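Protein sequences, first through last, are from chains C and B.
Going by the numbering used here, the first sequence opens with residue 1, and the numbers climb by one from there.
Going by the numbering used here, the second sequence opens with residue 1, and the numbers climb by one from there.
Simulated from the structure, these hints should not be mistaken for laboratory data.
Incorrect hints may have been included.
Stated by the list, open to error - Sample of chain B residues lacking proximity to chain C, with all beta carbon distances greater than 10 Å (derived):
no.: 1; residue: 16
no.: 2; residue: 19
no.: 3; residue: 33
no.: 4; residue: 99
no.: 5; residue: 110
no.: 6; residue: 137
no.: 7; residue: 141
no.: 8; residue: 143
no.: 9; residue: 190
Claimed, not checked - Heads up, simulated DSBU-like pairs for lysine-lysine below, C-alpha to C-alpha not over 30 Å straight-line:
no.: 10; chain 1: B; residue 1: 45; chain 2: C; residue 2: 78
no.: 11; chain 1: C; residue 1: 22; chain 2: B; residue 2: 13
no.: 12; chain 1: B; residue 1: 68; chain 2: C; residue 2: 74
no.: 13; chain 1: B; residue 1: 68; chain 2: B; residue 2: 13
Predicted model, so just to flag it, every value in this text is computed and none were measured.
We put the CB at the ideal spot given by N, CA and C, even for glycine.
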Amino acid sequence: MEYIIITFESTNFAIQAEAALKNSDVNVQIIPTPREITLSCGISILTSEENLSKIDKLVNEGKIRIKEVYRYIKDDVKKLERLRP
Amino acid sequence: MKKIDCRGLACPKPVIMTKKELDNINSGEIEVLVDNEGARENLSKLAQNYGYEYRVLEDVEGIHVIIKKLEKCNTTDLKDNGNIVIVITSDTLGHGDDVLGRTLMKSYVYSLTEVEEKPKTIIFINAGVKLTTEGSDVLESLKVLEQHGVEILSCGTCLNFYNLSDKLKVGTVSNMYTIVEKMHRATNTIKI
Numbered sequence: 001m002e003y004i005i006i007t008f009e010s011t012n013f014a015i016q017a018e019a020a021l022k023n024s025d026v027n028v029q030i031i032p033t034p035r036e037i038t039l040s041c042g043i044s045i046l047t048s049e050e051n052l053s054k055i056d057k058l059v060n061e062g063k064i065r066i067k068e069v070y071r072y073i074k075d076d077v078k079k080l081e082r083l084r085p
Numbered sequence: 001m002k003k004i005d006c007r008g009l010a011c012p013k014p015v016i017m018t019k020k021e022l023d024n025i026n027s028g029e030i031e032v033l034v035d036n037e038g039a040r041e042n043l044s045k046l047a048q049n050y051g052y053e054y055r056v057l058e059d060v061e062g063i064h065v066i067i068k069k070l071e072k073c074n075t076t077d078l079k080d081n082g083n084i085v086i087v088i089t090s091d092t093l094g095h096g097d098d099v100l101g102r103t104l105m106k107s108y109v110y111s112l113t114e115v116e117e118k119p120k121t122i123i124f125i126n127a128g129v130k131l132t133t134e135g136s137d138v139l140e141s142l143k144v145l146e147q148h149g150v151e152i153l154s155c156g157t158c159l160n161f162y163n164l165s166d167k168l169k170v171g172t173v174s175n176m177y178t179i180v181e182k183m184h185r186a187t188n189t190i191k192i
């Protein structure tokens, strides 16, 4: 399975983004940021690739502030790949 | 033995690179060359966290941290025999801000799906039943746990109190006798 992970500069940005995305009917899940990305206790958003355009739109409208975007492949072996920046 | 040169790399790069290499092998040794105490410390912690043996050598090149990954079966098999029961008594995690508490709870439940060592039972009590019923943000995670054989129980009294009896979306209804028995039989009960 392939997912998208979005990271944030702060916990508050993550919480705001979750609310804004849900308001726009984007299916997202709050997850702890994987240790491979940061060893600190952070919150990220897990979603699927098809939602990226909607997320970009909210970013461009200044409604949410994101830090990085990763592709997360979860099969027998988990793999993370940074897409942006 | 695989060698990685992490000299000149800023934290947490050496740890990330080492973790990646360790994930790629079933067992064996990896030698990481670093140039500062912080990196050495972080790599030692990484090895300890995963229960891997490690040793450190210093020479003119820098600090060599050699981590030995052993085959998994021995430790995880033992742990699987544990009977962990988690009791979730609220829809927030910790005391303080409720918005943060709800976010932390989502993060916590998702983490349960990702860790290898799963609880045997998760019991939802009081406002905890808001997590197993319609409108909950953790239903997907709870369904994943159920598929992995984790028993999901919601307190019937609580469902009734919150008018959620017909809104249960995952697991089954339970009563206090069963809840008490589950807790007493557990080798470890974790109250959230």
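So which of the earlier hints does this model not fit? 1, 2, 4, 5, 6, 7, 11
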